[in-house]
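Undergrad: Take the given structure of chain C and dock chain D to it, following the hints.
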Amino acid sequence: MTGRKRQDEFVNEVLARTTGSPCARARTQLPDLVDRALEGMDRQLVQAHLEHCSPCRSLAVTLGWLGQSLQDLAELDPGPAFTRRVLDQTSGINVTGLVHASSGVSQAPGLLGMLERLAQWWERQVFKPRFAMQAAYAATVVLVLLTSIPGSPLKGTPNRALQAVQAGPTYVPVIGTAVNTGSAWVGDQVAASVATLRGHADAGWNEVAESVSTRGRRTSSARTQFKEQLAAAWSGARQGRLGQAGYQLIQAAGSSKQIWHLWWIDNNSDMDHRPERSEP
Amino acid sequence: MDQAELLKRCQDGDELAWEVLVRHHQGRICSIAYNYVGDQDEALDVAQDIFVRIYNRLDTCEDPDRFEHWLVRIARNACIDHLRRRKARPPRRDIPAEDMVNLRDGGPTPEDNLISSSRQRLVHRALQDLSEINREIILLKDIQGLPLEEIAGMLDLPLGTVKSRSSRARLELAQVITDMGSGPDRGGSGPFGGFGAEAAS
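Chains as they are written, first to last, in the numbering used here: chain C, 1 to 280; chain D, 281 to 481.
Please note: incorrect hints may appear among the correct ones.
[As the list claims (entries may be wrong)] To be clear about the criterion: a stretch of chain D counts as covered by chain C if any three or more of its residues have a C-beta under 8 Å from a C-beta of chain C, and this derived list gives those stretches:
#1 302 to 315
#2 323 to 334
#3 347 to 354
#4 399 to 408
#5 416 to 427
[Said to hold, decoys possible] A few chain D residues facing chain C, derived, Cβ under 8 Å:
#6 E295
#7 E299
#8 S447
#9 T458
[As the list claims (entries may be wrong)] Some chain D residues near chain C, calculated using beta-carbon distances under 10 Å:
#10 W298
#11 R365
#12 D436
No lab work stands behind these hints, which were simulated from the structure alone. Predicted model only: the values in this text are computed from it and were never measured. Positions of the beta carbon are idealized from the N, C-alpha and C atoms, including for glycine.
Extracted from the complex, chain C is given alone in its bound form:
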């Protein structure tokens, strides 16, 4: 055993029985030592420790070259094709003239811009962990609105359903007949109830059927267009023409929006002759 090693071991034993290892304290000061931010006595003490402590010295060595290595990671060469791909992606926005130069945040206006924002929003939403619960909540709200707001085709449905449930077995003809034979008064009441309910149901159904029929006529053209655009998108995708497929999908999204619009707008005959949306 060399004299130096023996001395180190002796010091370590003394430290172990007194203050403990000074390595932890030395290591907290190593970054400052490497950054040349440690001066005076502190610097000398840490340097003296490093002289006798191999693990801390290794750490100091690593810290010494680490700074430059980290700086070297600041830029990585993505290859020559990268710039072209970025320019292709962004020039698409420019060519169609969809960038607002003075609006604060540049956004594509009109239908395409709205679809783009809608797609981004949807993408953000669909990956949220609680998406299913939120969607169920939203669907419940929509259902409540559809069955309660004035003018809604489904308004009154819950009441009619409740009446049907409360009428109970009278809705079943066999039981209704049995009740009739048992009591003329009850039979009259049952018949009247059934007639009333049927009247309500027929009126409600006719109203819904007429509404659906009107809306179907109104959206016929847009639905045809929607189907054609989907077919074109599918065809383009199968032939590997992704640009065309994407364009057709955007168009189809526009048509679906139009279908939705035409379906729910409640102004009647003038909508039947409304001109189709022109292509951008």
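TA: Relative to chain C, chain D alone:
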């Protein structure tokens, strides 16, 4: 080239100025994406998305002197968004453990293509062993060279916390590297080369 003029031209829709700006900053953006995402192909896709995001928000950068900080902030947000989406997305498919052995052919890994130096590769791998916050502080301060004030604002942490964490993070990284074998060439100038030799002396 004057940064303010370049930015102004980009904001006015000058395609040539935009090309110069992309070329000038693509290395940095790719580095940020790679250090967050950890996969080369994914990082390049994310970097493209970052540039599209930058392009769409050019008008929101009002101070050309702080353009690079603004750039890093957008890149960071985009990477975090991407990681959140990736976390929420289920894996595409499971690879049996025995097949994973066959996947390694001894050739260069994807990160080997993006990072040329073996020492950089070592540092990059060691970075993956750090905690998320420490890795982020090293990325922003030591790799991208952002001032501590900017980082504190970005991470929403007190300045003192960022400062102390910065030193600890670098020390932790050095410890991980030392544990991994102290690097391929142990500093490049001998076993105690570089500043360590000076420090040790």
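Undergrad: I'd like to know which numbered hints this structure contradicts. Please list them from smallest to largest.
TA: 3 and 12
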